[in-house]
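Protein chains in written order, with my numbering: chain A, 85 to 1007; chain B, 1043 to 1362.
Check the hints yourself; a few may be wrong.
What the hints assert, rightly or not - Below, a list of computed lysine-lysine pairs in the BS3-like style, where the Cα atoms sit at most 27 Å apart:
#1 Lys-1044(B) - Lys-158(A)
#2 Lys-882(A) - Lys-1271(B)
#3 Lys-1173(B) - Lys-415(A)
#4 Lys-1044(B) - Lys-415(A)
#5 Lys-1166(B) - Lys-373(A)
#6 Lys-415(A) - Lys-1066(B)
#7 Lys-1087(B) - Lys-415(A)
#8 Lys-1066(B) - Lys-158(A)
#9 Lys-151(A) - Lys-1221(B)
#10 Lys-1087(B) - Lys-373(A)
#11 Lys-1271(B) - Lys-922(A)
The hints are simulated quantities; they were obtained by calculation from the structure and are not laboratory data.
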Amino acid sequence: MRHSDERKRAEDRDRPNPAPGAEAKGPSRRSFLKGMGLVAGGVGALGGGIASAQDAEAAKETAGLEKLGRGARKVSLHVNGADHAVSVEPRTTLLDALRQQAGFTGPKEVCDRGSCGGCTVLMDGKSVCSCMALAIDAEGAKIETVEGIAADPANAKLIDSFCEHDAAQCGFCIPGFVTRAKEMLAANGGKPMAFDEARAGLAGNICRCGTYSKIFDAVLAATGAEVARRAENNVALENERSRTDVREKVTGAAKYSFDYYPKNVLYAKFIRFPFGAGRTTNMAVEAAKAMPGVVEVEAPSGARAEYPGDRLGHVAGESLDAVEDAIEAMKLAFRVGEVNADPWEFYEGPPAPDHETQSQLDGIYRSAAAIAEATYSTQVQTHSCLEPHGCVVDHKGDRADVWASTQATFGFRGDLVRSCGLDAEKITVHCDYIGGGFGSKFAAYAEGSLAARLSKKHGRPCKVFLDRKEEHLDAGNRPGSIQYMKIAADKEGRLLGGRIHCAGVVGHAGGQGRVNNPFAYDFGEVERTETEIRTTFAPARAFRAPGHPQGVFAVESMIDELAAKLGVDPLKMRALNETSDRRRHQAKLGAEIIGWDRRKPDGASSGRVKRGFGMGAAHWHFWPTQCEAEVAIHRDGRVEAISGVQDIGTGTRTVLVDVAAHQLGIDRKWIVGKLGNSNYPEGPGSGGSVTARSVAPAIRDAAQRAKESLLATVASEWKVDADKIEIRDGVLRGPGGKSIAWADACGLLRSEKISERGSFGRPGKGNDMKYLGMGDTSATQFAEVEVDTETGVVRVAKIVAVQACGQMVNRLTVENQVCGGVIQGLSYALFEDVVLDKPTGGMTNPNLEWYKIAGSMDIPPIIPVLDVLPEDTGVRALGEPATIPTAGAIANAVANAIGARVRSLPITPERVLRALEEKGARA
Amino acid sequence: MKAFDYAIARTQDAAIAALADGWKPKAGGIDLLDRLKERTETADKIVSLLPLGDLRGVEATKEGGLSIGPLTTLRELAENALVLEKFPALAHAAGEAATPQIRAVATVGGNLCQRPRCWYFRNKEWECLKKGGATCFAVDGENQFHSLFDEGPCHIVHPSNIAPALVAAKAQVHIVGAKGERSLPLEEFFLPTNKRLDGENILEPEDLIVRIVVPKAPEKSAYVETRQKQSFDWALASCSAVLLDGKWNVVLGAVASTPRRAAMAEALLGGGSIDETLAEKAADAALDGANPMSKNAWRLKLVRAVARRALLLADGKEAV
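Please construct the entire structure, taking both the sequences and the accompanying hints into account.
Spelled out as structure tokens, the structure:
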């Protein structure tokens, strides 16, 4: 198999490719345009004077065809009301010109193919994908980016509405949504918009965190439409305000590491093998080195590859275009080796148990009123973070600054020690904002190491970020699974036990294949075995609740299959086998809200489009973590709440601020949350849903110490005992009616600031255990779906997500994350799938076009029910449990609707139709 | 993207001369840029047609039909009052395509001429038949979204949303080339893969579509597509049913390498009113000639569904 680029015509290569920045000779396009009218209009008059008909023809051609060549030229872009001179080649996209030259990094590059709307700008008032527009074509157009939209007071209502509704998680997609919404509002003519209109209008934008619910609210409210209050809580709320950095995210001011374009930056890219396994048969390294703008090519010949996307070397150059041109010039050719793209070919079923176990199992099965035997499978899912993996490294002398897209500031730093050749303390990792991680961004990985090595070697900043195809191929994934279950139950529905065999479908290197099955319920006497099937695909990485959604899909499906056999209500059956009283309570609550009494027997819903209901459950364990934090009170009243941890979109910065505000008794306006910097006090990576519950007690500890220090100052001024002073609503009050406002009290400090460290999880340091977030969390979700039995298309009509969340630091961020978990689970249940070409092992859908992620039209109303009990005094984990039950609940709802079960994810029209067909054949 | 020479055509004549001189046309650029970015498109000289204002917009014809400029955007087509009045199925089909951002830029001509979305064709890794290679990788590979009807050798489906409606309404396409102007039924414009591999229609490099004419407003029309995702997704199958001159026209999309006329269904339907039984029969007949591949036979059910629904909807009946 040869690389298609080989067929490029020889003449392509004969044309010199001007180095970036080189200007084409001749008039600028603008002045040329002005002259055009005269020339074109003059053709007729000149015609008589031209010697031959041929010349006349040539003149006519020239007159009507404005040739711009292929080199860089200066054009002027009219962006946000001002002209910006940029130097672009015809191939330069509007997005690149805006981001790299005009300084507008609000529009983001995500899919780079017009599939996701992350790069949306307004061109003469119309929202378009700037990644699919040429900069050279945009001259003369009125371009508005999110920065311009946000700066225009006429759009205040829209911007404020996004902010007030907390319509951002990681925030990377939000500028695109805001820009699109601006046009929708303008077109709507001031009328209140309907929910379905909002969904349809936003169908070109993808949010990976699943912020749609809040985005819908924001857009609807901005049109004056009524927005239902989302949470149905059973307790009073702590905090009704949006995340502290929502405005930065909504206005495009938030700078992600991907948004850094330092001067003199070196770009690099990996050369990658496209198929399942094999080796290169041609790699013209010298040709690549000879290409203009190329700085370095490193590619050992005959390299073997183990998976699609495997790295064969790298190219570094002055621009990404130069690097990609060089890779093309290498005329890569490959031989495909032995490929395993189909786990079923290697699945051997459950191994036979030994004689004793078998006879135990036989005993269980004999005593059962019902036995269900089924094999379930789940697909490989890619994280598809909207901000790609990568970083900018600037290695200067004995120091290095790194702008990284990471969910572990300190882990990333540790990984770079070797590639930078520096001690950890000489490396500063910055990560102010991160555009999604979901478990795939804990380390520096190959791209981080490459950037570090090249920056050190060449003495200049180096930027390496993956493109969308690389994101799918080599940035981790949730492994697939095949799960065999044969489970027995008694006539009431009590689970008696049985056989479970789980095969994790993992990449070529193995690992990460564990599946959480059994889970949540007491399955009785279970004989469980597990194995791994290796495919020639990329290694898996942790993905939001690793092992859980896949296990719960099978577990919840199995319970409903047994319930159907026994004729028992699945809700009652779960209550019987539930291991948690808390979830029993949640199930009752959720069933009421979704209207479980509307659930009909399986397949009994009438009509072509059938309605069904299903449920699923989750728990999440607590485990110890450590976190350090710092609170500094300045003499002017400003407070800094600091920890080196990162905010992956969950609202960690807000946790810092709101916990400090609560502890200090002041409004959050005084406080700035600082994080995402490895020079700050150390905290954990954002995995296992630990960040909020680790950083909250640490910042509380620091705030308490800083407060005591301030009170001591005030106490000595007032000559009273410090413990007689309290701070409430920004006022310090002491005995004898003494009071002083916060800022005035801070003015009494004898130094510019007082700064105190706090910690969590350090043995022997003595924390307030009540605040520690000790303990597990749980979740129960209900899904209502509509299944078109003629087309097999599933639409989710409603989700009720009951979520135990301990002490809510901030209600809106909690709701947002719960809805996001549901939306990711929905997308996993119905759409996402890595499709490998069986013969070659290549990934056929490494994009956001055929790798399908739920969009606005696929998102139903979601009701997050925040299950808070008075005894839950701690901040608890919630990012992961919220995504665990969704696929299982949806699968059960589909089965209830159609009276037939789809046992593989995603639940595609094909699978629904096949299940119906098999049901028909049985009948 | 690889570097390319760029030019802007100010006149139609200049555009045609440029095409004859080896320049490749670009309108909205959505399809072209996608292939340039993937580096599967080898265009070295690209000419922008965007300034050709005469080629943009929709007008009523004297005969009561529509004359559509190829540079009209899908959004303009979807929102155009004339189209909504005279041929609502066409407006609906345009409005179902891609995303709002894409529809604002993508043109009618580009939609009719866009290259297939086949993943073996779109990804540079596979040097497939259509790209000059020796193999159609879909045959032994992932063909779930491929053709249900063709014999091959290449098994793409035609991706145009608007083509089925236009073909059903017997639209004519007007083309200007080096040798002058010609017009032909849009139905004959598309070529199946056994007639042509390096393109999906009869256009030669120097040809420019200058008009698409719907001769008269259909009496009734509907367009139905089904897709897995309701936000941006490609149709798994689509159908346009059009009653024209008292005769039903049924054309399928996304199931064959060209928009596919369901001739047997049409023969069965004649021009009468549609009821559930007739719609079912016609939908069954629409499957005539089906030749599914190893992984896509399930989509035949969708073909049946969209055909049935399009007919009922066109005749003003409940379909679901």
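These are the hints, each one checked on the structure:
no.	hint	in the structure
1	Lys-1044(B) - Lys-158(A)	holds, 19 Å
2	Lys-882(A) - Lys-1271(B)	holds, 16 Å
3	Lys-1173(B) - Lys-415(A)	holds, 16 Å
4	Lys-1044(B) - Lys-415(A)	holds, 14 Å
5	Lys-1166(B) - Lys-373(A)	holds, 22 Å
6	Lys-415(A) - Lys-1066(B)	holds, 24 Å
7	Lys-1087(B) - Lys-415(A)	holds, 22 Å
8	Lys-1066(B) - Lys-158(A)	holds, 24 Å
9	Lys-151(A) - Lys-1221(B)	holds, 24 Å
10	Lys-1087(B) - Lys-373(A)	holds, 25 Å
11	Lys-1271(B) - Lys-922(A)	holds, 24 Å
In the structure shown, no violation is registered for any of the earlier numbered hints.
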